[in-house]
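Protein chains in written order, with this note's numbering: chain A, 140 to 654; chain B, 27 to 352; chain C, 211 to 542; chain D, 58 to 364.
If you're looking for bench data, these hints aren't it; they were derived computationally from the structure.
Check before you lean on any hint, since a few could be wrong.
To be verified - If you want the footprint, here are the derived chain D segments under chain C, 3+ residues with CB under 8 angstroms:
hint: 1; stretch: 103-116
hint: 2; stretch: 121-132
Claimed, not checked - Some, not all, of what chain D presents toward chain B, calculated at C-beta under 7 angstroms:
hint: 3; residue: 71
hint: 4; residue: 73
hint: 5; residue: 83
hint: 6; residue: 84
hint: 7; residue: 168
hint: 8; residue: 229
hint: 9; residue: 233
hint: 10; residue: 270
hint: 11; residue: 272
hint: 12; residue: 283
hint: 13; residue: 285
Unchecked claim - Pairs of lysine to aspartate or glutamate residues, derived as EDC-like cross-links and limited to a Cα-Cα distance of at most 20 angstroms, are as follows:
hint: 14; chain 1: D; residue 1: 176; chain 2: D; residue 2: 318
hint: 15; chain 1: D; residue 1: 138; chain 2: C; residue 2: 374
hint: 16; chain 1: D; residue 1: 138; chain 2: C; residue 2: 261
hint: 17; chain 1: A; residue 1: 389; chain 2: A; residue 2: 408
hint: 18; chain 1: D; residue 1: 269; chain 2: B; residue 2: 36
hint: 19; chain 1: D; residue 1: 269; chain 2: B; residue 2: 69
hint: 20; chain 1: D; residue 1: 187; chain 2: D; residue 2: 212
Backbone N, C-alpha and C define an ideal beta-carbon position, used for all residues, glycine too.
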Amino acid sequence: MSYSIDMTDQIAGATDPVLRLAGISKSFPGVKALSDVELALYPGQVTALIGENGAGKSTLVKILTGLYQPDAGRIELDGAAVRFATASDAAAAGVTAIHQETVLFDDLSVAENIFLGHAPRGRFGLIDWARMRREAAAILTRIGAQIDPATPLRELGIASKHLVAIARALSIEARVVVMDEPTAALSATEIEELYELVDRLKREGKAILFISHKFDEIFRIADRYTVFRDGQMVDAGRMADVTETQLVEKMVGRAVDTIFPQRESVPGEVVLTVAGYAHPTEFADIGFTLRRGEILGFYGLVGAGRSEVMQALFGVTRPARGAVRIDGRIAVIRSPAEAIAQGIVYVPEDRGRQGAVTAMPIFQNVTLPSLPRTSRRGFIRMAEEFALARTYTERLDLRAAALDQPVGELSGGNQQKVVIAKWLATRPKVIILDEPTKGIDVGSKAAVHDFMAELAAEGLSVIMVSSEIPEILGMSDRVIVMREGRIAAEFDRARLTPETLVRTAAGYDRKGVAA
Amino acid sequence: MIRSFVRSREAILLGALIALVLLVESRFSGFASPGNLAAVFNDTAILIMLALGQMLVILTRCIDLSLASNLALTGMVTAMLNAAVPGLPVVALIALAVTLGVVMGMVNGLLVWKLDIPPIVVTLGTLTIYRGLIFLISDGAWVNSHEMSAAYKALPRAELIGLPVLSWIALAVIAGFAVLVNRSALGRAFLAVGGNPHAAVYTGIDVGRTRFAAFAIAGGLAGLCGYLWVSRYAVAYVDVAGGFELDVVAACVIGGISIAGGLGTVGGAVLGALFLGTIKNALPVAGISPFWQLAISGAAIIIAVAFNARSSAKAGRLILRPESTA
Amino acid sequence: MSLLDPPRSRSLPDRLTGPAARLSRSWEVLLLGIAVLIFVANTQASPYFLDPWNLSDATFNFTEKAMIAFAMALLIIAGEIDLSVAGIIALASTAMGWALQFGLGTPGLVMIGLAVGLACGAVNGALVTRLGLPSIVVTIGTMSLFRGISYIVLGDQAFNGYPDSFAWLGRGYVVWVISFELVLFALFALIYGIVLHRTNFGRHVVTIGNNPTAARFAGIRVERVKMVLFLLTGLMSGIAAVCLTARLGSTRPSIASAWELEVVTMVVLGGVSILGGSGSIPGVVLAALVMGMVTFGLGLLNVPGIVMSIFIGALLIGVIAIPRLVARIRGR
Amino acid sequence: QDPMRIALVAKSLGNGFFEAAARGAEEAAAELGNTEIIYTGPTSTTAEGQIEVINSLIAQRVDAIAISANDPDAVVPALQKAMQRGITVISWDSGVAPEGREMHLAPSSDALIGQTIIKLAADHLPEGGKVAVLSATSTSTNQNVWIAEMTKVMDQYPDIEVVATVYGDDLADKSYRETQGLIQTYPDLDAIIAPTSVGIVAAAQAVQDAGKVGQVNVTGLGLPSEMAGAIESGASKSFAIWNPVDLGYTAAMIAHALASDAASAEPGAEIATGRMGSVTLDDETSAAMSEPFTYDASNIDEFKSVF
Ligand SMILES: Nc1ncnc2c1ncn2[C@@H]1O[C@H](COP(=O)(O)OP(=O)(O)OP(=O)(O)O)[C@@H](O)[C@H]1O
Ligand SMILES: Nc1ncnc2c1ncn2[C@@H]1O[C@H](COP(=O)(O)OP(=O)(O)OP(=O)(O)O)[C@@H](O)[C@H]1O
Ligand SMILES: [Mg+2]
Ligand SMILES: [Mg+2]
């Protein structure tokens, strides 16, 4: 390793790190998630951990909190080596985390979600419910969340759930607080309150590890940074010493502006028209058009209801009102089967659950919706299946050992390619890609982008739902921004800046909470 | 508080139970008398205890089909031991029954925990193995009333403040479970493991170990019930409680314990068992042909599960804010 | 790493391993081994085992259950289960007995048996797919309900006096020692094998069992497929009811008691994952043979049925546990 | 010469009554010499289970099968197959339809049993009263026949009213619960007649637990070894049973005689049965043994260790 912690220590001055990781490695079947990484966290300082999707950030968090055991390396707390065998061990040692996924219990109350595993005990070591509710209320107030601790978690929205997760992390008397993308699902006001909380924790002398993809917030709250790329630590230092451009370059390993393919788009006639689309609880007043050969971006905060609109278009859920026209004709879509028949396909956001059947081989995944074409009178013809699968996996440049390999054994990017291949094989008119590059490594990400551009050039209409601003800016011809289940604005690519996107999505303009 | 109780599953079930009792009372006065209700409770005591054990297992997203076989085997062991060594104190036999039950539960739990075999397969196997063992140790012979010592038979039926000891034991188990499930870390772990096994790991709960604990506790209860059953009916044979495992699951289902795990209460399990027990008791009393019993309990299960599914149907996520507040 | 990132090749090979290698690791081969072992053990243990007529008699121990097991295998692969199959047999048999009172002939009786089976399957299917209830609970309920209706109809009575042509369906021989039931068993093994392994419908079943959400997102009509599977299971139970009733020549409400667990055991022993998503019909066929031979072989030694069930129970856990234990020990 | 193999098929294994019968059969085998008794049966009382057992007996080519059937009709095809393969088939205790066996040995005549069970109850009710019947499974042949026979003679007991018939399914817990139901439904019940050895024990226990000893008399058919406790406590004043040891002995004797062609099963034939003398077949080739024997406090100690 070219970067030594001791060197940065000297720069930092006298304080010793509370927590230090050295030489940590971790592999999963087929993936080396972390190799020989170092990390130091200092009291009263925020260290930002930066890296692209799949760089290994969350894996490190899980090692820190006892969820994973490292294959090699050591964890030192106040200079002494420690081992966290379970999440409780880490909590007992004063390491707490807000995890990236909300790992909570829908059927339990908010208070219990906060205190599960370390509930306040009363007489005979029994759980003291009254005290638990009181303390939960106190913590929630502290982070500015207006949530009744007695409500069942099921009844909360995604942002409130995230606040509960934050409250949970703070309910542990901790010296080290890890935050893995804590602001991803929060609204502007909630984010402000979180920043204040971080400041307060700093003043209390806690060491904070802050993971985020948003550079503005990193520059606002972090004192130090550590950059991961493909499971390796590539740089560490003080925020004061770097610029945003430098950080991005370290993170991606090349200059940023070459990431997105150049394309000359000449959208054709209108293929899809959606008007007055509404759902009782999830979205309303949705109307837009989509042209041949166009990439239409959908931006919004997580939970803005973009996926819900797309899934309604795909027939997974049924809207209450509204009309969909394909090539000018009214289309009735009551199930995915009907959507596919009409030429609309959907690459879902949740690849593992909705996209790929991970235990089944690649070729069977690819041919699944096209079986009527590869079979005769309902009887499977394996040779045709392989042929079809080969055509499309070749086109997408899939990296795998063989076509009968289970999809679960592939890397995230290649799994995504299998899902896309599956839909292309149905020869659709409209392809909806929901967070197409979520959790995909750099190389595959570019491949997916290139491919998207190719599809559009071939005359396919693409809807791309994405929460990544660069991707939205780099790929879309037009962008629709959604907020709280409604369309907030529609922009042409030319008129678009990152600021307008963020403001519209978060609703700064209307509430006037200017950044 | 009160309002949320009134709308809860338990309240509705309690209402149904009271309606059932009143219905029978209207056809046959005396059914709702305290004495008779106490008798019905006493009769349902074993079902209640097993349902509570099964509840823990179901809460963790598992199922134990071997409970009735476990009961029968421990019952036979205590009866044979009592017949062979009549001097052995009953307390020792009870301790033995519970231990044996726990061991059998642990076997299930270990297979589920360490080898990751689906619980339904494990307990389908041990269901037949445990019952077969009874035949092997007893050679198929019965242990009859007169071969059992007076003390052995006396315990469950001895009266204490107007209730048989069997009922008191059930009440104690119910109270113990209420504390375990509502007030102890382990109890909450059962709910957490079934509610979201993935998230449970994040809170430091060992999923496998918690499931193991559920199986062990359920097994221990089955062991205790083994002694109680055999001493109460004063006979032990291979087929004791044959098919009872499904009654136990049915009681849990009626009581609103979600088969998908993570959702259920002690009150629900108790009421579910009481509901089933009351039907069984009421039919002969109400003069309904015994041949109707099976169909009625089947219908009750279906209605209960349909009803529970309705009341817990997931409300859609609320993304949309009403225009006025937006 | 090298496996996942092979040198960039234009076209992927179809398969990584040859058919022989795949076969050698399969569950069916393990079961076949066990079956051969039991066969040899039986010939050693009893001089009466290797007699064609005796072997033919032995097939009756499993043919009816296996016919249900084929449909149940598909249902379990799709992630559902039907515990009411024995209840369906009781109800279908009762309906046939009842129809007999009106002088219905054999074809009519068979139609009634099959129709009742289908109807029961439809009830289960509707409760599961329309109301979205868990099948294990629904069918614990309908198990009691269906048999309960038989009890209401029959009480302490029995229906008997089935015509000879009807009795043939359960006792008759097609050629030599090959009984009609055995022919049905072989026929259904073939049909279900083809349906599961060689048709789009079978592929849909497997996909649903692996990941019902992804199946739905891929345009598979999940509810419809499940409904068909419940109907098939009901139909097969109806067919088993015809055979069993014909074989016994009488109908009582306690007919086929506790068969549901034996059928599920057969399916699981056949290598079908109880969690859904995988399994094969040849495996179920072998499991049926294994269970039939174990019970018959031990029966020849006059071992009581309950002791046989210990064998089956141990086999069930053993065949799943031992490979995992070995893997664990090797892994260390 | 190979020993003659006689299979004694019970309704289910583990029932004390059949165990005692098996001992009687062994006694007969010892007396006859060169005879082997195979005592077998299904684990639970189902016809399907018995058919599997019969099939395996056919496969072993036993010389004779003597069966107490769970279902008089369902076992017929299997038994007919046995007869076709030259196996002697008789039924005993619980009969098989005539086409499925060569002869039937009834433990006692059905009429006698029907008369005995009501007499047992009536003897202790000089002023009359209410009685209820606790039967075995609703499908068991012999219980149903006995109850029918009992009903035929009810006019001899004008003061006695049969208020209900319930079924305990030969399960201890179900019988117990059904008895409780009877006691609650008919608070002035005087006697319970349980013509089943499982039911009578459970009923006596339930009466005892309900504190009704002295008010409700449990009677019917039971085994002395199992009923000793009930007689002692007074829950049962008396009960009756034929001697299962003798029954098993006689069945084995008859099976041996028929299988060795020493006798043939024709109406009117007389078959010698060792120490039990002989039986004579009626028009349906069935024969009955003697009247059931009554046990009470005076003789129970003598018999409770025998069967
Ligand atoms: N349980 C697991 N099994 C197999 N592979 C895993 C597992 N968890 C993570 N990985 C892989 O390890 C790599 C690092 O993942 P990790 O979640 O740590 O990334 P990250 O930096 O947190 O990304 P993001 O910004 O998307 O959250 C990825 O390639 C991922 O697919
Ligand atoms: N109330 C909630 N409880 C739990 N998870 C939620 C909730 N709301 C949203 N999520 C999860 O958050 C993620 C994004 O939510 P959703 O799909 O509703 O938002 P979206 O606007 O469509 O955003 P995107 O597609 O950008 O994620 C999904 O993985 C979803 O499962
Ligand atoms: Mg992450
Ligand atoms: Mg989404």
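Agreement of residue 138 of chain D and residue 261 of chain C with the hint, judged by alpha carbon distance not exceeding 20 angstroms: 16 angstroms, holds
Restraint satisfaction for residue 270 of chain D [CB to CB of chain B, less than 7 angstroms]: 13 angstroms, violated
Within 8 angstroms of chain C (C-beta), three or more residues of the stretch 103-116 of chain D: holds (count 11)
Residue 272 of chain D as an interface hint toward chain B, with CB separation required under 7 angstroms: 16 angstroms, violated
Hint status (Cβ of residue 168 of chain D to nearest Cβ of chain B, threshold 7 angstroms): Nearest chain B Cβ about 27 angstroms off; hint violated.
Given pair status - residue 212 of chain D, residue 187 of chain D, alpha carbons within 20 angstroms: Holds, because 14 angstroms separates the two Cα atoms, which is no more than 20 angstroms.
Residue 229 of chain D as an interface hint toward chain B, with CB separation required under 7 angstroms: 5 angstroms, holds
Hint consistency between residue 389 of chain A and residue 408 of chain A [alpha-carbon to alpha-carbon, up to 20 angstroms]: Violated, because 43 angstroms separates the two Cα atoms, which is more than 20 angstroms.
Pair hint outcome, residue 138 of chain D versus residue 374 of chain C [Cα-Cα no greater than 20 angstroms]: Status holds; Cα separation ~15 angstroms.
Interface restraint verdict for residue 84 of chain D against chain B (beta-carbon cut-off 7 angstroms): 19 angstroms, violated
Status of the hint placing residue 233 of chain D at chain B (closest C-beta pair under 7 angstroms): OK, holds: residue 233 of chain D within 7 angstroms of chain B, min 6 angstroms.
Per-residue hint verdict: residue 283 of chain D, partner chain B, C-beta under 7 angstroms: 5 angstroms, holds
Comparing the model with each earlier hint shows violations of hints 5, 6, 7, 10, 11, 14, 17, 18; every other hint is respected.
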